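> Residue-level listing of the chains:
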Amino acid sequence: MVYEEPITDYDYKVENCTCAFCGCNCDDLVYLVKGGEVKGELKDGVVVSGYVDGGHVVGCRHACRLGASKVMEDMDQRLLVPMIRDEKGNLVETDWDTALDKAAQLIAHAVRPVFYGWSETSIETMHYGLELGELVGAVLDNQATICHGPSLQAVQNAGYPVMTLGETKNRADMVVYTGNNAMNSHPRHLARYSTFPRGYFRKRGRFDRTLVTMDPRYTDTAKMSDIWVGFEQNGDYEFYNAMRAVLRGKKLEKDIISGIPKEDIEDLVESMKQAQFGALFFGLGLTHTLSKQRNIDIAINLIQDLNKFTKWNLIPMRGHFNVNGFNIFMALEQGFPYGVDFARGYPRYMNGETNTIDLLTREEPDVFMVIAADPGAHFPSGANRHLANIPVIQIDIHWGPSTELADIVLPGSFIAVEAAGTSYRMDGVPIYMKKAVSKPKNTRDDEWIVNELLKRVQKIKGIKPEVASK
Amino acid sequence: MKIITFNQKKTSTIGLEFDELIPDEIFQWEEKDFQKYEIPIGNSRFPLKDYFDVDVVGSAESPSDVKIILNGDLTRIKYIGTKMSTGEIVANSSVDLHCGSEMSGGEITVNGNAESYAGREMTGGILTIKGNTREFCGASYIGDWRGMSGGTIMIHGSAGKQLGECLTGGEIYVKGNCDILAGIHMTKGFIQIDGDVTRWPGGQMQGGNIIINGKLSRLLEGFVDPEIITNPEIEGKQITGKYIKYVGDIARNGKGNLYLDADKNRNFL
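These protein sequences, in sequence, are chains A and B. First residue of the first sequence? That's 1 in this note's numbering, and the numbers climb one at a time after it. First residue of the second sequence? That's 1 in this note's numbering, and the numbers climb one at a time after it.
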């Protein structure tokens, strides 16, 4: 490992910032800002209120490497001006009015528009996006469609025995990670919430907790665990079924189930029954193996079974910092968490029909708006092939594979650094993310961009004649 | 008897939603009504006549007198026969999602494959699929514990994942193979699969009967008390052959019955 000198060349500190990387939403970050002028109150070099106008974040304390690398300046990849793809296929710079008008025309006249993304922007932006989607009869979908969608389906089936991360920190004496490698994907999860911190009832921190990893792979998280259960790939459902059978007093008949000796399963179940407060964290290893949502369904049912003996809860390890926010927001507003289709004038939700990947591979969408997401990098080739054939509007802060597919690029701002907004942590706790520095000169807040699109589409459809802002 | 024939003129990549064109709704329609009708496509409605020529022959006193025949490429026609309660629909091609979903009576014949959710939440009637079908055939809507509760689904080909998920009644017959978790969460009803099954039929089932006449690759631990029975009578049907009968899924205190062909599944004995 390369040793890096501590950053000392900065002018201001902005404390209690929130990380805009993963679903942990760590809200104890300190941004080190160089240059600029404080618009607000400054005390002993710390910006107490307001933000730094024209400053640059040069360092980030308390964040993990993933969070810090996102928060730190990367202006070489930054989208700074609106762009439209010309007839030769090149993206050329343009002004905001031209770009917004063209985008609004495309959206207003589309037959099967899809608005995808939303997980790396604020709830306030989603509010305008939902209004726009309802107006034009679009499909609104977020990254859950390729990650924790099965979890949401299972929650609808089996319930949601959820806890907060604070409860985990203070109470959990047995922590189980299944189908995820938190040490790599959510590096501060163990350190800040689940395993290492000293809690009210767990004064000795790590020494008071048993850490279990259930994963086919011997991951970095498994290496730190007291117990590693390496069941076979795609064997999740059978493994959990066996655990439930043991909980109900059945003597297992097969010697080995999903690659695990039956004695180990019986011992594990006994340990889980003996815990005072158990916390199970599951990731995409569970949601995206063979049985999909049924893996989560049976895991939730296992937790419910365990609650006949002691206290157990679970939390899905959500990836993007506000992917949970979109699901909570949509479920509250429309009753469905993702993949909501307004084509018939009322919300509909059907997996396999109203999800982005299915729609794209069926070549249905005729306009695609991607906001704060990168389908170009993450979608299967069949889906991206259709994106290359239809108009794509991108609202984002960085140049990425989706920019290569985009026909209109609208540069947004970085939530939790350059713009304030609300997000929901993986456990469903809302966190207000404050603004630390000003955004680049010619970019706009996501909230403003989507609101402006809404107003221009309303004008095209003759609903509200005025365009409120320039 | 009124025979309404839809002959396709043009296809669409965006699915056409046929839920309004069921015998219950259109039994009194004449050709001029179809000429005026606009069909939902995406967020708009477009004239049906752009996509189909519609011929109407005969007359109908009630929806039960109607037979609808669909010709052409129907792979982008969704919701065929959705919520129909009587009459007959014949689709002479493979069809898109939700064919026969929530139907309560009548008969649908698909002379091809059916996409996912065929017969979802159906309460009555007969759905025959001459080809294969995909996921969630006879299943519930997302989050609901009650899937298909009546009627019959006959699949001449193979079925996808979670066939008869949350089945609460009715009968499903599959002549071909079946993917994982057939009859998951089922509480009542009858599933017969003549081909092979990959994994874990009857996961968390609480009641009902599943018969597998082919080879099963993996069985869940929650199925117990195996016994050999010959020529069982199940739900009033006389089944011929020697079977291993299990009770399960006890992981959910289930009392469902799973019958495996004894000759093809000797490895479980």
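No lab work stands behind these hints, which were simulated from the structure alone. You may find that some hints are simply not true.
[Said to hold, decoys possible] With a straight-line cut-off of 25 Å between C-alpha atoms, the simulated DSS-like cross-links for lysine-lysine are:
hint : chain 1 : residue 1 : chain 2 : residue 2
1    : A       : Lys251    : B       : Lys255
2    : A       : Lys254    : B       : Lys32
3    : B       : Lys36     : B       : Lys67
4    : B       : Lys67     : A       : Lys254
5    : B       : Lys10     : B       : Lys32
6    : A       : Lys308    : A       : Lys262
[Claimed, not checked] Residues from chain B shown here face chain A by an in silico Cβ test under 7 Å; the list is partial:
hint : residue
7    : Asn43
8    : Pro47
9    : Ile142
10   : Leu220
11   : Pro226
Predicted model, so just to flag it, every value in this text is computed and none were measured. C-beta: ideal position from N, C-alpha, C; glycine also.
> Take the C-alpha atoms of Lys254 of chain A and Lys32 of chain B, compute the straight-line distance between them, and say whether it is at most 25 Å.
Given pair Lys254 of chain A, Lys32 of chain B is violated - Cα atoms ~67 Å apart, limit 25 Å.
> Is Lys67 of chain B close enough to Lys254 of chain A, meaning Cα to Cα at most 25 Å?
Roughly 54 Å between the alpha carbons, so the hint for Lys67 of chain B and Lys254 of chain A is violated.
> Close enough to count: is the Cβ of Leu220 of chain B nearer than 7 Å to one in chain A?
Leu220 of chain B check passes; min Cβ-Cβ to chain A is 5 Å, inside 7 Å.
> How about Ile142 of chain B: closest beta carbon in chain A under 7 Å, or not?
Check passed: Cβ of Ile142 of chain B comes within 5 Å of chain A, closer than 7 Å.
> Does the interface hint hold: is Asn43 of chain B within less than 7 Å of chain A, judged Cβ to Cβ?
Holds: closest Cβ of chain A sits about 3 Å from Asn43 of chain B, inside 7 Å.
> Does the alpha-carbon distance linking Lys10 of chain B and Lys32 of chain B stay inside the 25 Å limit?
Measuring from Cα to Cα gives roughly 19 Å; hence the hint holds.
> Pro226 of chain B was flagged as interface toward chain A. Is the shortest Cβ-Cβ separation under 7 Å?
Violated. Min distance 9 Å.
> Is the Cα-Cα distance between Lys308 of chain A and Lys262 of chain A 25 Å or less?
holds (22 Å)
> Is the interface hint satisfied for Pro47 of chain B? The criterion is a beta-carbon contact with chain A at less than 7 Å.
This interface hint is violated because 14 Å lies over the 7 Å limit.
> Assess, step by step, whether the Cα of Lys251 of chain A is no farther than 25 Å from the Cα of Lys255 of chain B, and give holds or violated.
Holds: Lys251 of chain A and Lys255 of chain B sit about 17 Å apart, inside 25 Å.
> Compare the distance between the alpha carbons of Lys36 of chain B and Lys67 of chain B with 25 Å, and conclude whether the hinted pair is satisfied.
Given that 25 Å is the threshold and the Cα spacing comes to 21 Å, the pair holds.
In the structure shown, a violation is registered for the earlier hints numbered 2, 4, 8, 11, in ascending order.
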